[in-house]
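Q: Take these sequences, add in the hints, and give me the full structure.
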Amino acid sequence: MQASISLSLSSSSPITRSDCTAVANAYLCTPRSLRFCGLRREVFESKSLNSFSVSTRLVSCPRDSSFKKVCAALQSNGTPSKGGFDYDLVIIGAGVGGHGAALHAVEKGLKTAILEGDVVGGTCVNRGCVPSKALLAASGRMRELQNEHHMKSFGLQVAAAGYDRQGVADHANNLASKIRSNLTSSMKALGVDILTGTGTILGPQKLKYGKGGSGDTVITAKDIIIATGSVPLVPKGIEVDGKSVITSDHALKLEFVPEWIAIVGSGYIGLEFSDVYTALGSEVTFIEALDQLMPGFDPEIGKLAQRVLINPRKIDYHTGVFASKITPAKDGKPVIIELIDAKTKEPKGTVEVDAALIATGRAPFTQGLGLENINVQTQRGFVPVDERMRVIDANGKLVPHLFCIGDANGKMMLAHAASAQGISVVEQVSGKDHVLNHLSIPAACFTHPEISMVGLTEPQAREKAEKEGFEVSITKTSFKANTKALAENEGEGLAKLIYRPDTGEILGVHIFGLHAADLIHEASNAIAMGTHIQDIKYAVHAHPTLSEVLDELFKSAKVKVNSSSPVVQPVAV
Amino acid sequence: MSHLLQTTFVPATSPSLRRPLTRTTHYPTRALHIQSKIREIFMPALSSTMTEGKIVSWIKSEGEKLSKGDSVVVVESDKADMDVESFYDGYLAAIMVDEGLSAPVGAPIALLAESEEEIAAALAQISSSSSAAPAPDPAPAPAPATAPDSSTSNDGPGAITGVSSASVSENFSSRSSVANGAMGSSVHPASEGGKRVVASPYAKKLAKEFGLDLRGLVGSGPNGRVVAKDVEAAVAAAAAAKVSASGAALASEITKPSGGGTAVDLGSVVPFTTMQNAVSRNMVESLSVPTFRVGYTITTDALDALYKKIKSKGVTMTAMLAKATALALVKHPIVNSSCRDGKSFTHNSNINIAVAVAIDGGLITPVLQDADKIDIYSLSRKWKELVDKARAKQLQPHEYNTGTFTLSNLGMFGVDRFDAILPPGTGAIMAVGASQPTLVGTKDGRIGLKNQMQVNVTADHRVIYGADLAAFLQTLAKIIEDPKDLTL
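Residue numbers (UniProt numbering), protein chains in the order written: chain X, 1 to 573; chain E, 1 to 488.
The set of hints was computed from the structure by calculation and includes no laboratory data.
Note that the structure is a prediction, hence the values are computed from the model and not measured.
Treat the hints loosely; a few may be bogus.
Pairs of lysine-lysine, DSBU-like flavour, derived with a Cα cap of 35 Å [said to hold, decoys possible]: (1) E:Lys478 x X:Lys480; (2) E:Lys229 x X:Lys348; (3) E:Lys450 x E:Lys343.
Anything over 12 Å on all C-beta distances counts as not near chain E; from chain X, calculated [claimed, not checked]: (4) Gly84; (5) Arg143; (6) Ala161; (7) Arg180; (8) Ser282; (9) Lys314; (10) Pro334; (11) Glu387; (12) Ser478; (13) Asp502; (14) Pro544.
By construction, the Cβ of each residue, glycine as well, lies at the ideal position given by its N, Cα and C atoms.
A: Have a look at this one:
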C-alpha cells in the first residue's frame with residue numbers, strides 16, 4: 001500500500017458508511033442515531049461484556065466448553081457455522097484491508113476475528129496515508145500563506161508566516177491516534193474479536209497466534225484472509241539510520257526539517273514528501289531510476305505536474321540513476337549518496353545532502369506467515385493470488401479457504417484497494433461470487449494541487465486499443481475555464497478523459513488540479529457501475545463547483561452512440 | 001502546410017465551441033515559399049474563439065536542438081496554458097515573440113532551422129522579413145553589437161584602466177549574465193578542492209536564472225555548500241559594484257560627451273529591474289559589514305622608470321600594479337581572506353586580482369588568476385587577452401567572478417583619492433588614485449619633486465584589522481618603490 005494513499009475511514013462497508021466516529025461516539029454516549037440496525041443495538045448490549053476478559057479466557061482455555069458460551073454472548077458477531085471451527089473468518093492483519101473485510105464479514109453474519117501483531121490501523125493509519133495527510137494539510141496552508149502573490153490576488157495581507165515543527169508533527173501523530181482508536185472502536189462495537197500477536201498458518205484452516213513460542217494459541221477458521229500489508233522497501237547499499245537516512249516511517253514523525261533532503265524515488269510517496277518539505281522550507285533533490293520523474297502517471301499529467309510541482313519549487317533532480325550507496329551523516333560529514341547510471345551502471349558522481357528519504361516503494365510483509373506449511377511460494381515476497389484473491393500454491397493450484405488481500409498480494413498497493421478486495425472476499429465466502437474490477441479503483445496523490453486517476457493511462461489505453469482493435473479518443477478540460485477554480489485563484493489544472501468513441505466506455509480519467517482527489521469519484525463510480533459517457537453527460541452538477549470540470553469533460557466527449565437509458569417518467573416538483 | 005508546427009493538445013473550451021485544432025487559420029502563404037529548410041513556428045489556434053495568444057514561456061532557447069514531439073513553447077489562450085510541441089526535428093533558430101508578449105493566431109513566433117548551419121540563414125531572414133511579419137509586437141532584433149570602449153586602452157599609472165570595484169556590464173540582461181563579486185576558491189570538503197560544485201537545488205535554480213557561474217563561488221552552507229543566499233549575495237555584489245561605480249560612469253561621460261548614454265525620461269518614475277532590486281537590497285545589506293579604510297601615499301618614480309624600460313615588451317601598468325599587489329598579498333594572506341558567515345575566516349588558496357574595466361555601457365572585472373605566481377610578461381599578455389575578451393563580451397564566468405581582491409582605479413580622470421564599497425564576499429578592495437608630481441620633503445631635509453599616488457583600501461574589519469592593512473600597505477609601498485621583484 002502506498003503510504004500516500006488516503007483511506008476513507010468508513011471503509012467500504014455499506015452499514016458503516018456513516019463514519020466510524022459516529023459509531024464510536026454513539027457507543028461512548030447514548031446511541032443517538034437509531035438508523036443503526038438491530039444488529040448494532042445488540043452490539044451495544046453485548047459490549048457490556050468485557051472483551052478483554054473474553055480474550056483472556058480464549059487464551060487460557062481455547063477449547064474449553066465455556067468458550068461456546070462466550071461466543072453465544074457475542075451474538076452480534078455471529079456464531080461459527082457448522083464444521084466445528086472457532087471462527088468463520090480470521091483475518092491476519094488489522095490494517096485498512098483487514099478492517100474493511102472484518103466489518104463486512106460481521107454484516108454478513110460471520111463470526112470474525114482479526115489478528116494484529118503491531119497496532120490496529122496498519123501502515124495507512126499509523127505510518128502512511130493518514131499522518132501524511134496531516135502533514136500535507138499543514139504544509140499546504142504554509143505554502144499558501146507564504147505565497148505573497150497568491151494572497152495579494154485575494155486582497156489579503158499576511159505578515160511573516162511561520163510554523164512550529166513540533167506542532168505540525170503533533171498534528172500528524174494526534175490524527176493517527178484518533179483514527180486508530182476510531183478504527184478499533186468500530187470493530188469492537190461490532191464485536192469483532194481483536195486478537196493480539198502475529199499469526200502463523202499451521203495448515204489448512206488452522207493457525208496460531210501470539211508472541212511466538214509455546215504461549216501461542218491455536219485456532220481454526222473456515223476461511224482465512226492474509227492482510228499483512230507491507231513495509232518500506234530499502235534497496236541494498238542503502239543504510240537507513242532513522243536520523244539522516246530515513247524512510248516514510250521516520251519522515252512522518254517530522255523529527256527534523258533538513259535544509260536539503262534527497263528523495264530517492266519520485267512516485268506518490270516521494271512527490272507528497274517533496275510537497276511537505278518544500279513548503280516547510282527544505283530544498284529537495286529527486287533521485288529517480290527511470291528517465292522521467294513521476295513514472296506511473298499519465299505522461300501528459302506528469303508533464304503538467306512537473307511544471308507546477310517541481311520546476312517552480314526549490315527542487316532539482318537526477319533521472320536515470322540509481323542510488324547505489326547511501327551513507328548516513330556522521331562525524332560532521334553530510335549524507336553521501338553515490339549515483340550510478342541506471343542502465344550502464346557507470347558511476348555518475350555523488351550527492352551530498354543533509355538527509356535522504358528512501359521512497360523507492362514498499363515491500364510485502366509476508367515473512368513468518370507459515371506459508372511453507374501449505375506449500376505456497378511467495379514471488380518477491382508477494383503472495384500469489386488469482387482474480388478472486390484466492391491464494392495459489394507452488395503447483396499453481398488454489399489453496400482452499402485461504403485468501404490474500406492488499407499490499408501482501410501486490411495487485412494494487414492502495415489502502416482502499418485492500419479494503420475493496422477484502423469485501424470482495426467476504427462476498428465470496430458468504431456464498432456470492434464477486435470479482436473486483438481493479439480498473440475502477442481510483443488513486444490519488446495529495447500534493448498541492450492534487451493528482452488523481454482511475455483506469456488506464458493514455459499509453460496503456462492505446463496499447464489495449466491496438467491489440468483489441470478499437471478506437472480511442474481523448475478529451476480534456478482545463479480548470480482555467482472553471483468558475484470555482486478561478487474564484488479560488490487555482491486555475492492551474494487539467495482533467496483528461498480517455499474513452500471509446502464507438503461505445504462511450506470510459507477507459508481512464510486523470511485529473512491534476514484543486515481537489516482532484518475528491519473529484520475522481522464521479523469517474524471511478526461511472527467505471528465501476530459501467531455507466532457510459534452518453535448517459536452520465538446528462539447528469540446535473542451544481543454551479544459553481546469544481547465538479548463541473550468533469551461535467552464539461554463528459555460533455556466534450558464525442559460518442560457515436562446515443563443515450564441508452566430510457567426516458568424517465570417526469571416527476572412533479 | 002506540413003511544416004507548420006501545431007499543438008497536439010485539443011483545446012479545452014466549452015463543448016459547443018470545441019473543434020479539433022486544424023490548420024484552417026489563414027497562414028500567410030509566404031511561409032510556404034521559404035527557401036531552404038527554415039520553418040516558421042506559428043501561433044497555434046488553441047480554441048476556436050482564440051484570436052491571439054500570449055507566450056507564457058519558451059521551454060527551449062535559441063540554438064537548442066528540438067526533436068519531434070518536444071514541447072517548445074507554452075502559450076496562454078483565452079482558456080488555458082498549453083504546451084506547443086514541435087512536429088519536426090531541428091534547431092530553434094530564432095525567437096520572434098518574447099515571453100510575455102502576444103501574437104495573433106497564425107503569426108510566426110519563431111523560426112526552426114533544420115540544421116545548425118541554417119540558423120544564420122534563419123536569422124538573416126528574420127531581419128529582412130520582420131517588418132513584414134504580421135505580429136503586432138515587433139520581433140526583437142538581435143542586440144546590436146556594441147562598440148568597444150576606448151577608455152580602457154590608456155595605460156599609464158595615472159590612467160590605469162578601470163573604475164571602482166567588481167562590476168557587471170549593463171548590457172548583459174539580468175538573465176544572461178551577472179558577474180559576481182570577487183569570489184575565492186577556498187577548499188571545502190564538498191567541492192573536492194573546487195573540482196565539483198556543491199550547490200543546493202534552489203541555489204542552482206537561482207544561478208541559472210541570473211546566468212551566474214557557480215564555479216569558484218564559496219558557499220556558506222553546511223560543509224561549504226553553496227546555498228541560495230550565496231548566489232543572491234554574489235548577484236547583489238555584482239550589481240552593487242555597478243552602483244558604486246556610478247561615479248566612474250559619470251566621469252566617462254565627461255570624457256566622452258558624445259558617448260551614447262541612454263536617454264532618460266525626465267520626471268518619470270522607472271521601477272527597478274531585477275538586478276537593480278538586488279542592488280538596492282545589497283546596498284542596505286552592505287551596511288551590515290563593518291568596513292574601515294586605510295590610506296597610504298606611495299612614490300611611483302621607480303615604478304614609472306621600470307615601466308618605461310619594459311613597456312616595449314608588452315608589459316602594462318595594470319599588470320604591474322596587479323603583480324605588486326599580489327606579491328604584497330603573499331606576505332599578508334589575511335588581506336586575501338574574507339568573512340562569509342559572520343563566524344569564520346575563509347582563507348583563499350589563490351590570489352586572484354580582479355581589476356575593474358569600463359566597457360561600453362557598464363563595467364566588468366576581469367580576473368588575473370594566480371597573479372602572484374605568473375611572471376609579469378605572461379600576466380600582461382593575459383591582461384590584454386582579458387580586456388579584448390571583455391570588449392567582445394566573451395569573458396567566461398570564471399574569468400570575471402573568481403577574484404579574491406579587487407583593484408579599482410579612477411586615476412585617469414584625475415581623481416586623486418576616493419574610497420570604494422567592499423563587494424560582499426570579499427575581504428578588501430583597493431582604490432587607486434592618480435599618480436601626480438608632488439613636492440616632497442625628504443628625511444635628509446631636502447625638498448624634491450616626486451610622482452606619488454594615493455591608495456585607499458576598504459576592508460571588512462571582522463577578518464582584517466587595522467594593523468593587517470597597515471602592514472600590507474607598507475609592504476606594497478616597498479614593492480612599488482623598489483620594483484625589481486616585479487620582473488623576477
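Q: For every hint, state whether the structure bears it out.
A: For each hint, the structure was consulted:
Between Lys478 of chain E and Lys480 of chain X the alpha-carbon distance is near 72 Å, which puts this suggested pair outside the 35 Å criterion. Note on Lys229 of chain E and Lys348 of chain X: the hinted pairing holds, with a Cα-Cα distance of about 28 Å set against a maximum of 35 Å. For the suggested pair Lys450 of chain E and Lys343 of chain E, the alpha carbons sit about 44 Å apart, so the restraint of at most 35 Å is broken. The claim that Gly84 of chain X is not at the interface with chain E holds, since no C-beta of that chain comes within 12 Å of its own (minimum 63 Å).
The Cβ of Arg143 of chain X sits about 15 Å from the closest Cβ of chain E, beyond the 12 Å cut-off, so the non-interface label holds. Every Cβ of chain E is farther than 12 Å from the Cβ of Ala161 of chain X; the closest lies at roughly 18 Å, confirming the non-interface assignment. At the 12 Å boundary, the C-beta of Arg180 of chain X stays outside the reach of chain E, the nearest C-beta of that chain being 36 Å off. For Ser282 of chain X, the condition that its CB be more than 12 Å from all CB atoms of chain E is violated, with the nearest at approximately 10 Å.
Here Lys314 of chain X does not stay apart from chain E, with its beta-carbon only about 4 Å from theirs, under the 12 Å limit. Residue placement check: Pro334 of chain X does not keep its beta carbon more than 12 Å from all beta carbons of chain E (closest about 5 Å). For Glu387 of chain X, the non-interface assignment is confirmed: its Cβ lies about 35 Å from the closest Cβ of chain E, beyond the 12 Å cut-off. The non-interface label for Ser478 of chain X is inconsistent with chain E: the shortest C-beta to C-beta separation is roughly 4 Å, within 12 Å.
With a minimum CB-CB distance of about 18 Å to chain E, Asp502 of chain X clears the 12 Å threshold, and the non-interface call stands. No Cβ of chain E comes within 12 Å of the Cβ of Pro544 of chain X; the nearest lies about 14 Å off, and the non-interface call holds.
When held up to the earlier numbered hints, the structure conflicts with 1, 3, 8, 9, 10, 12 and fits the remainder.
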